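Chains A and B, in that order, give the protein sequences.
The numbering of the first sequence is the numbering used here, which starts it at 1 and goes up by one.
The numbering of the second sequence is the numbering used here, which starts it at 1 and goes up by one.
Please keep in mind that the hints were generated in silico from the structure rather than gathered at the bench.
Wrong hints could be hidden among the right ones.
Here are the simulated BS3-like cross-link-like pairs (lysine-lysine), alpha carbons at most 27 angstroms apart as the crow flies [said to hold, decoys possible]: (1) K185/A x K222/A; (2) K130/A x K222/A; (3) K222/A x K116/A; (4) K261/B x K116/A; (5) K130/A x K116/A; (6) K261/B x K50/A; (7) K165/B x K178/A; (8) K165/B x K109/A; (9) K130/A x K188/A; (10) K189/A x K164/A; (11) K109/A x K222/A; (12) K100/B x K165/B.
A short, non-exhaustive set of chain A residues, derived as facing chain B with CB atoms under 7 angstroms [claimed, not checked]: (13) L92; (14) N93; (15) Q94; (16) L95; (17) R100; (18) E107; (19) L112; (20) G113; (21) V114; (22) L115; (23) G143; (24) G147.
Fair warning: this is a prediction, and the values are worked out from it, not measured in the lab.
Glycine residues also receive a C-beta, built at the ideal position from the N, C-alpha and C atoms.
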Amino acid sequence: MAGQPYMRVENLVKRFGPFTALAGVSLEIFPGEVHALLGDNGAGKSTLIKILAGVHRASEGQIYVEGRPVTFRSPRDATAAGIGTVYQDLALNQLMSVTRNFFMGREIKNRLGVLKMDEMDRIAHDEMLKIGIDFSDPTQAVGTMSGGQRQTLAIARAIYFGAKVLILDEPTSALGQKQQMGVLKTIKKVRKRGDIAIIFITHNEIHSRLVADRYTFLALGKVIGAGTRDSLEHGEIRRLMAGGAEMADLEQELESV
Amino acid sequence: MDVIERSESDRLRQENWIQRTVRRPEIGAFMVMAVIIVALYFASDGRAFNALGVKNNVAIIAQFGIIATGAALLMIAGEFDLSIGSMIGFAGMSMAMMLKWGLPFGLGEATPFAAFAVTLAMTLTLGWIIGNIVVRSGLSSFIVTLGFLFFLRGTTEVSFRLINKSTQISGLPDYKETSWFADLMGGEVFGWFYDAWFWLGGNLNRKGEQWVTGFDARFLWWILIAGVAWLILSRTQLGNWIFATGDDKEAARANGVPVNKVKIGLFMFTAFCATIFAACQVFDTNTSDAAKGNLKELEAIAIAVVGGTLMTGGFGSVLGVIFGAVTVGLVANAVFFIPWIDGSWFRVFVGTVLLAAVFANERIRKRITGGI
Numbered sequence: 001m002a003g004q005p006y007m008r009v010e011n012l013v014k015r016f017g018p019f020t021a022l023a024g025v026s027l028e029i030f031p032g033e034v035h036a037l038l039g040d041n042g043a044g045k046s047t048l049i050k051i052l053a054g055v056h057r058a059s060e061g062q063i064y065v066e067g068r069p070v071t072f073r074s075p076r077d078a079t080a081a082g083i084g085t086v087y088q089d090l091a092l093n094q095l096m097s098v099t100r101n102f103f104m105g106r107e108i109k110n111r112l113g114v115l116k117m118d119e120m121d122r123i124a125h126d127e128m129l130k131i132g133i134d135f136s137d138p139t140q141a142v143g144t145m146s147g148g149q150r151q152t153l154a155i156a157r158a159i160y161f162g163a164k165v166l167i168l169d170e171p172t173s174a175l176g177q178k179q180q181m182g183v184l185k186t187i188k189k190v191r192k193r194g195d196i197a198i199i200f201i202t203h204n205e206i207h208s209r210l211v212a213d214r215y216t217f218l219a220l221g222k223v224i225g226a227g228t229r230d231s232l233e234h235g236e237i238r239r240l241m242a243g244g245a246e247m248a249d250l251e252q253e254l255e256s257v
Numbered sequence: 001m002d003v004i005e006r007s008e009s010d011r012l013r014q015e016n017w018i019q020r021t022v023r024r025p026e027i028g029a030f031m032v033m034a035v036i037i038v039a040l041y042f043a044s045d046g047r048a049f050n051a052l053g054v055k056n057n058v059a060i061i062a063q064f065g066i067i068a069t070g071a072a073l074l075m076i077a078g079e080f081d082l083s084i085g086s087m088i089g090f091a092g093m094s095m096a097m098m099l100k101w102g103l104p105f106g107l108g109e110a111t112p113f114a115a116f117a118v119t120l121a122m123t124l125t126l127g128w129i130i131g132n133i134v135v136r137s138g139l140s141s142f143i144v145t146l147g148f149l150f151f152l153r154g155t156t157e158v159s160f161r162l163i164n165k166s167t168q169i170s171g172l173p174d175y176k177e178t179s180w181f182a183d184l185m186g187g188e189v190f191g192w193f194y195d196a197w198f199w200l201g202g203n204l205n206r207k208g209e210q211w212v213t214g215f216d217a218r219f220l221w222w223i224l225i226a227g228v229a230w231l232i233l234s235r236t237q238l239g240n241w242i243f244a245t246g247d248d249k250e251a252a253r254a255n256g257v258p259v260n261k262v263k264i265g266l267f268m269f270t271a272f273c274a275t276i277f278a279a280c281q282v283f284d285t286n287t288s289d290a291a292k293g294n295l296k297e298l299e300a301i302a303i304a305v306v307g308g309t310l311m312t313g314g315f316g317s318v319l320g321v322i323f324g325a326v327t328v329g330l331v332a333n334a335v336f337f338i339p340w341i342d343g344s345w346f347r348v349f350v351g352t353v354l355l356a357a358v359f360a361n362e363r364i365r366k367r368i369t370g371g372i
């Protein structure tokens with residue numbers, strides 16, 4: 001065990017009417033680690049991160065941040081507790097500059113209410129440099145950036161505004177091969193800082209093996225397997241990825257079609 | 001520390017200031033404006049830019065500029081306001097009626113300032129209502145404000161007939177002589193400019209005396225409104241919120257931008273601009289008419305587009321709108337300086353430039369978003 005978890009989730013249950021999306025999920029999130037959250041469509045990944053991000057409230061169970069029980073009534077509460085979520089759509093505006101996107105909604109202004117553009121440019125540049133992109137011109141529009149760079153911008157923004165837990169919702173999907181590697185590199189750089197915990201949601205077993213320290217597998221709203229990188233066999237990961245069904249069974253089923 | 005790779009974003013060409021200037025979004029509007037100024041100068045034998053010509057041109061440019069600034073800011077936030085023209089008619093009616101018949105609810109005679117203040121309170125409330133309907137219903141602002149275009153014009157005409165028995169008011173006393181406020185709205189400003197012109201040997205009438213004494217006050221109001229709009233848009237948090245709201249409002253909301261408040265505030269701002277437009281008109285001419293402001297909403301939108309504002313929101317500049325207002329204002333007035341020209345060419349011109357501008361803006365948008 002590597003120290004104390006920054007965030008602990010105990011027995012989270014979420015019901016939407018008669019439908020149980022999460023049926024008792026527990027997680028431990030450690031700073032300086034990448035926690036891969038894997039599972040098929042409908043496994044409950046989205047529901048889980050929406051509860052962690054304060055979008056939904058859990059029906060049962062408890063979230064602890066630094067050992068203290070917390071209740072998130074809104075995304076704002078979650079952000080204040082240090083949970084930064086980077087959704088798939090990234091919440092970026094294409095026509096606006098890198099800096100204006102970086103500080104969107106949280107601009108730095110002087111006493112007269114005028115933006116400190118130079119300072120904001122510098123911070124945006126430096127923060128992105130820290131995790132691996134050197135932007136010579138933070139006044140360029142986000143629309144000119146590649147998908148991977150946009151991910152980096154969104155991640156840098158979340159970290160700058162105080163994220164201690166960074167939730168990345170399928171950051172590598174919908175990207176080209178090279179850009180996927182860029183994002184994984186960014187994840188590694190954030191991990192190296194040592195003070196930020198990353199929850200990495202993905203479909204891709206290979207990507208998770210490249211960066212993750214710890215795994216949790218979800219299927220039908222339950223944790224069907226969890227463990228550290230060393231404790232899980234390669235074959236075991238693949239089996240759990242498929243929602244617990246034996247690969248052999250699947251192969252057989254496919255054969256019979 | 002490992003070596004940082006140069007990233008793909010740095011493949012963008014490094015440019016010098018000339019190239020940067022040429023790529024600015026306002027450049028198209030600026031070029032059109034320059035061509036119009038030169039063409040008008042020669043076609044009118046210089047009359048368009050003599051002392052009186054400049055005054056008259058600036059008067060109409062400022063009128064266009066005031067409402068186009070409001071329309072442009074709202075468009076940048078992703079909405080339209082088709083009620084601007086009717087709002088001008090409504091505000092003008094309201095002020096003139098109070099000046100003639102007294103304040104509502106038997107509150108006695110109206111001073112110019114009181115008439116303006118009560119009217120502004122009404123128009124801002126209307127703007128607030130329009131904004132609330134748009135953000136709460138999620139309906140297109142095009143339809144909601146089209147409704148108010150008819151509603152307000154009808155209300156203006158009905159009110160006129162009910163109270164005044166006629167759809168126009170004329171022969172009000174010249175309040176400019178007695179009220180500082182009326183003078184501020186309808187009087188003259190920047191007299192020093194024409195004094196200096198006279199002092200330098202120009203600006204003479206046939207008797208050799210000083211000809212023109214100052215600009216219409218609306219010039220000052222245009223400068224104030226455009227200046228404040230420029231400052232807000234490019235240098236303040238609110239400006240960033242306006243861009244963010246018009247670009248992708250879900251992304252803006254996710255980052256804590258109060259999208260609905262921004263939109264409602266801007267609908268109130270267009271109402272404010274329309275009210276200033278109407279006040280300048282009423283106190284300048286001491287008349288009012290139910291048909292005032294007709295089609296002005298479309299001209300305001302056209303100027304905003306000619307000035308480089310994107311129809312889809314998220315992009316635009318106050319400087320471009322200034323160029324657009326000068327261009328459209330000069331052409332609208334050209335008929336007075338070029339006697340042989342048919343005034344309807346104005347609409348032909350605006351239509352053509354508008355189409356050209358839409359295509360140019362689309363190219364700008366594609367360049368910024370990398371061709372998506």
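Hints breached by this structure: Per hint list: 1, 2, 3, 7, 8, 11, 19 and 24 violated.
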